[in-house]
Structures are given as structure tokens and as C-alpha cells.
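S.K.: Chains as they are written, first to last, in the working numbering: chain A, 1 to 115; chain B, 1 to 114.
No wet-lab data here; the hints were simulated from the structure.
Don't take each hint at face value.
Only pairs whose alpha carbons sit at most 16 Å apart, straight line, appear in this in silico EDC-like list of lysine to aspartate or glutamate [to be verified]:
hint, chain 1, residue 1, chain 2, residue 2
1, B, Lys71, B, Glu58
2, B, Lys56, B, Asp31
3, A, Lys70, A, Glu17
4, A, Lys3, B, Glu42
5, A, Lys71, A, Asp38
6, B, Lys109, A, Asp38
Quick look at which bits of chain B chain A covers, simulated, 3 or more residues with Cβ under 8 Å [what the hints assert, rightly or not]:
hint, segment
7, 7–14
8, 70–81
Predicted model, so just to flag it, every value in this text is computed and none were measured.
Idealized CB from N, CA, C, for every residue including glycine.
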Amino acid sequence: DVKVTQSSRYLVKRTGEKVFLECVQDMDHENMFWYRQDPGLGLRLIYFSYDVKMKEKGDIPEGYSVSREKKERFSLILESASTNQTSMYLCASSLIGMAQGYGYTFGSGTRLTVV
Amino acid sequence: DQQVKQNSPSLSVQEGRISILNCDYTNSMFDYFLWYKKYPAEGPTFLISISSIKDKNEDGRFTVFLNKSAKHLSLHIVPSQPGDSAVYFCAASTSTGSQGNLIFGKGTKLSVKP
């Protein structure tokens, strides 16, 4: 069964900490994405990547950075965590140019709380 | 500007009845549409999709209808079950440009009451 695995389900961090959220996929997908989900705001795209070492800003990149050193791994970095970054973070992957078939495969999410 | 809109944040339906979730879009270049279902504390999972060359796609209790002239699609769930209670996201994509990225609506929370 194909999978997107996020390293933590729940995380509590302090304001100002540097936070790493890890995502690994085993489907050899080219595309990987980071979203956050907040009530009433839906899924908002933070960053995405089409290939190793490539990254593109999404709709809300401020306060975040990403790293993709290997095809299967896409990391989201909160440089200095703030309380307004408390959210559910979702990683997804897809084949390049894809919308056919099943679209994106999502991980189970990381619920991050910044205190 | 939202390209994919789900204007109803929530919907409540009695078990056994039909649930109809609606989605409107503005970009006439969209040629593929998907519905995702999301339970709390889990990632969204693919539910059903439809290509713009079709106007209906059915999978068991789930049917998606596409009205291109109205730029509107809907998801019908018949009969609704309590386990269908979740947030449903509509998504759209164009096969040209932006590597086929999906554009998501804000979601509709469906509650199916026993």
C-alpha cells in the first residue's frame, strides 16, 4: 500500500523554537506539497516541490522554509515558531503533471501546537 | 480570489437521506475535478473524480455531477450513513500549467445524524 508518512502526529513547541516537520513518500512521486488546514480556511498551500532541490512558494510561505535533498523526503521548517502557526500540517505527493487518477496522496497530518 | 468555492461550510442530513455537497469554480480551464474526504486528525483521502469530458461519475453510494456551463459540480451521497460525517473538499486542476496542481475549496463539514 502506497504511503505518505509524516514523522509526528502531535507536536508541542515553544514560541521561537525552530521546528522541523518531516514527510516521506514511498511512491517515487516527483511532486510533494505542504499544506496547513485551519477551520474555515480550508487547505492552504505553503510550499511545493517538483524535483529534488527544487521548491516553489505556495499561497502562504511566510515564516516557513522547505528542504528536499532526496526525492522521497520533503521537510517543512518553521524558522521561529509563533502561536499563529498552531495548525494541522498536511504533506502530500503526486506524480508530475498529475490530476488524473487519484490526485494527491496525503499523509495523516501533524497537529502542531505552539505555546 | 478563490477559484474553487464551497459556499456551504456545513450540512446536516438524516441517516438514509441524500446528502448533496456543492462546489463552484471560476476557471474554465479546469478539466479535472476531485472530491476528498477528511476525518478529524487524519489526512484527506480521495473519494471520487470526474473529467471535464463527462457529466457524471458514479461509485457505489457516491455520484459526482458536473455542469460545465454553470461551472458547478456536486457530490451526491445516497443513502447517507453516520460514517460519512466528515469534511469534504472539492478540488480542481488544469492539465496545462502549474504542473497540474490541485486547487482546493474550503470544505464542507457534513454531519449525518442517526
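S.K.: Please flag the earlier hints that this structure goes against, numbers listed from lowest up.
M.R.: 1, 3, 5, 7, 8
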